[in-house]
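The listed protein sequences correspond, in order, to chains A and B.
Using numbering that gives the first Met the number 0, the letters of the first sequence correspond one by one to residues 0 to 230.
Using numbering that gives the first Met the number 0, the letters of the second sequence correspond one by one to residues 0 to 259.
It is possible that part of the hints are untrue.
Below are the DSSO-like pairs computed for lysine-lysine, each with C-alpha atoms no more than 27 Å apart in a straight line [stated by the list, open to error]:
id, chain 1, residue 1, chain 2, residue 2
1, B, K175, A, K167
2, A, K167, A, K89
3, A, K89, B, K39
4, A, K50, B, K178
5, B, K178, A, K167
6, A, K38, B, K39
7, A, K38, B, K5
8, A, K38, B, K176
9, B, K2, A, K29
10, B, K39, B, K233
11, A, K5, B, K253
12, A, K167, B, K39
13, B, K253, A, K49
14, B, K2, A, K49
15, A, K35, B, K160
16, A, K38, B, K175
17, A, K35, B, K39
18, B, K246, B, K14
19, B, K39, A, K5
20, B, K5, B, K233
21, B, K39, A, K216
22, A, K223, A, K5
23, B, K5, A, K29
24, B, K14, A, K167
25, B, K166, B, K124
26, A, K35, B, K176
27, B, K2, A, K21
28, A, K21, A, K197
29, A, K35, B, K123
30, B, K123, B, K166
31, B, K39, A, K21
32, B, K221, B, K178
Short, incomplete list of chain B residues facing chain A, as computed with Cβ under 8 Å [claimed, not checked]:
id, residue
33, I30
34, E33
35, I36
36, K39
37, G57
38, K59
39, G78
40, E80
No lab work stands behind these hints: they were computed from the structure.
Even glycine gets a Cβ: it sits at the ideal position worked out from N, Cα and C.
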Amino acid sequence: MSKKIKRHDGRAADDMRAMEAKVGVVPNAKGSAMFKIGKTIAVAVVRGPKKLHPKFLQDPESGKLRCFYNMISFSGSGDRVRPGPSRRSKEINLVMENALAPALDLTAFPGSAVEVHVNLIQTDAGTRCAAITAAAMALADAGFRMKDLVSAVAVGSINGNVVADLDKTEEDISDAVDIPIAMMPNEEKVTLLQLDGKITQEALLEAVELAKPVCKKIAELQRKAITERYQ
Amino acid sequence: MAKVIKEHIHSLLEKGLRQDGRKLLDYRKDISVEYGISPKSAEGSARVRIGETEVVAGVKLGMSTPYPDQQDSGSIMFGAELSPIASDRFEMGPPSIESIEIARVVDRGIRESGAIDFKKLCVKKGEKVWQICVDMYPINDAGNLRDACSLAALAAMKDAKFPEFDKVTGIVNYEKKTKTSLPLTDEPIEVTVLKINNDFVIDPSCEEEEFLDARLTTAFLKDGAICAMQKGGKGALSTEDIGKMVKIASDNVKLLRKAL
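For reference, chain A alone in the conformation it holds in the complex (with noise of 0.2 Å):
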């Protein structure tokens, strides 16, 4: 990252908004993360394993995980968000399911259903992201075999630059580009890959480059979260 770009908050082209990460912020659950990134704060919860309903969604081989993404009404900006399910948390679980699941090992509960459930408190871009984010430690925390952590980040281009970690005000630029990704850091393999927005083949690639250390700092936040709840 050579190129001196100019952002809105002083940011550098790679330089992520403050984080903050927290695991076991839910006495009660078997698994619970906070992740703040900016202004923008998850929070995760892990239930199950239980049954899954409907039957015919169970896998006979393994349990399946079923991921809740939640705006709180009172948590976007401008107009109060309705509560319930929308078309796009139907997505965002999907997407969120897809995320995780390379990095996580449920076979020793067959036909079961492992929920993780976020709400967001506040957003300011980048929501799916800190979800997922905020979910692999929940996870880890409650004790699934995992054999890697996921962290996720939105990288992106603003005026034909590449940048990490869209804030809202950035996002909203007509030129922006978002492309949400999430990674397995240490395989350093990409589990969701998402993009809003025209790009060349060129920047796409930097972006998704520019992912990889900055997925990795992430990363390093969510362990010592995790090690912190169990020293």
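Following the hints, put chain B in place on chain A, whose structure we already have.
Chain B alone, transformed into the frame defined by chain A:
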């Protein structure tokens, strides 16, 4: 299993004891209120902790049209979401009857007491009024969500500031908050007392709630007047019981008020 726990709770109560070491009429001492927990997005927000019980609540203000029978009054709406975040006993899906009851009792306490001056929410008679939406989200259920939700809702309302409203364009600018607070004229607070077997218990744990015979929630105004009540549970209460339970509740309301 349930029977064993029930008998255990009963026998403890008879000795004047509870599972966590408190006496029957001891409210948990660690009560805290944190304001502005979602300041970027909510007009008002707060987190309430009573022991390990945690509830966050937030206020959103929106421009709306008045109801036909109240042309010069704004409106208020309360919601409580009991999601699996807070407890294993909550399920996904449409609002449960328990969450509806919690929200409705908070609603009555604030609406019927006249704690809000709805006339002050009117921007243009017959056309534009503010609508207040207060939503309560339990994060960890360690008992007594009712009192915690009511306190969190009130705290979020105290924290709220109106966003800027442009009368010419009719647009609410959520980015800019004014210095105007909600027209709160009083501060109703709920206190819940349980009857289990023949004993009265305040600030119940989850297990005590599971095995309650009757529950009485009473909302009090600043001057000690009662502004809402709700009896819950399948058991019956004598008038003597009710008198005692209201007295217990009123003795403890200042403890919650102090936390605000």
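We went through each hint and held it up to the structure:
Taking the CA atoms of K175/B and K167/A, the gap is about 16 Å. The hint holds against a cut of 27 Å. The suggested pairing of K167/A with K89/A holds, with an alpha-carbon distance near 21 Å, which does not exceed 27 Å. With a C-alpha separation of about 25 Å, the suggested pair K89/A and K39/B falls inside the 27 Å cut-off, and the hint holds. Between K50/A and K178/B the alpha-carbon distance is near 51 Å, which puts this suggested pair outside the 27 Å criterion.
Distance hint between K178/B and K167/A is fulfilled; the C-alpha atoms sit about 24 Å from each other, no more than 27 Å. Among the hinted pairs, K38/A with K39/B is consistent with the structure: their alpha-carbon atoms are about 7 Å apart, no more than 27 Å. Between the alpha carbons of K38/A and K5/B the distance comes to roughly 45 Å, so the proposed pair goes past 27 Å and is violated. Among the hinted pairs, K38/A with K176/B is consistent with the structure: their alpha-carbon atoms are about 17 Å apart, no more than 27 Å.
Using a Cα cut-off of 27 Å, the hinted pair K2/B and K29/A holds, with the two alpha carbons roughly 25 Å apart. Taking the CA atoms of K39/B and K233/B, the gap is near 43 Å; set against the 27 Å cutoff, the hint is violated. Proposed proximity of K5/A and K253/B is contradicted: the alpha carbons are some 53 Å apart, above 27 Å. Note on K167/A and K39/B: the hinted pairing holds, with a Cα-Cα distance of about 11 Å set against a maximum of 27 Å.
At most 27 Å may separate the alpha-carbon atoms for a hinted pair to count; K253/B and K49/A exceed this at roughly 42 Å. Between the alpha carbons of K2/B and K49/A the distance comes to roughly 23 Å, so the proposed pair stays at or under 27 Å and holds. Of the supplied pair hints, the one linking K35/A and K160/B holds, its CA atoms being roughly 24 Å apart against a limit of 27 Å. Between K38/A and K175/B, the direct Cα distance comes to roughly 17 Å. Compliance with the 27 Å bound is thereby established for this hinted pair.
Between K35/A and K39/B the alpha-carbon distance is near 13 Å, which keeps this suggested pair within the 27 Å criterion. With a C-alpha separation of about 22 Å, the suggested pair K246/B and K14/B falls inside the 27 Å cut-off, and the hint holds. Proximity of K39/B to K5/A is assessed by CA-CA distance (about 23 Å); at most 27 Å being required, the pair is judged to hold. For the given pair, K5/B sits about 16 Å from K233/B by alpha-carbon distance, which is consistent with the 27 Å threshold.
Between K39/B and K216/A the CA atoms are separated by roughly 26 Å; this keeps the pair inside 27 Å, and the hint holds. Taking the CA atoms of K223/A and K5/A, the gap is near 31 Å; set against the 27 Å cutoff, the hint is violated. With a CA separation close to 24 Å, the supplied pair K5/B and K29/A stays within the 27 Å bound. Only pairs whose Cα atoms come within 27 Å are accepted, and K14/B paired with K167/A is rejected, the gap being roughly 58 Å.
A distance of roughly 13 Å separates the Cα atoms of K166/B and K124/B; the hinted pair therefore holds under the 27 Å criterion. A distance of roughly 23 Å separates the Cα atoms of K35/A and K176/B; the hinted pair therefore holds under the 27 Å criterion. Between K2/B and K21/A the CA atoms are separated by roughly 37 Å; this puts the pair beyond 27 Å, and the hint is violated. At roughly 36 Å between alpha-carbon atoms, K21/A and K197/A are farther apart than 27 Å, so this suggested pair is violated.
This hinted pair does not check out: K35/A and K123/B have alpha carbons roughly 40 Å apart, beyond 27 Å. Taken as a hint, the K123/B and K166/B pair is honoured in the structure, with Cα atoms around 9 Å apart against an allowance of 27 Å. At most 27 Å may separate the alpha-carbon atoms for a hinted pair to count; K39/B and K21/A meet this at roughly 21 Å. Note on K221/B and K178/B: the hinted pairing holds, with a Cα-Cα distance of about 24 Å set against a maximum of 27 Å.
Taking 8 Å as the C-beta contact cut-off toward chain A, the hint placing I30/B at the interface is violated, the least distance being around 16 Å. Because the smallest distance between the Cβ of E33/B and any Cβ of chain A comes to about 12 Å, over 8 Å, the interface hint for this residue is violated. With its C-beta approaching chain A no nearer than about 7 Å, I36/B sits inside the 8 Å limit, and its interface hint holds. For K39/B, the interface hint holds, the least distance from its beta-carbon to any beta-carbon of chain A being 5 Å, beneath 8 Å.
The beta carbon of G57/B is positioned within 8 Å of a beta carbon in chain A (closest approach about 3 Å), and the interface hint is therefore held. Evaluation of the K59/B hint against chain A yields a held restraint, the C-beta minimum of about 4 Å falling below 8 Å. With a cut of 8 Å, the hint placing G78/B at the interface with chain A holds, because the nearest CB-to-CB distance is about 6 Å. Interface restraint check for E80/B: the shortest CB-CB distance to chain A comes to about 6 Å, inside 8 Å, so the restraint holds.
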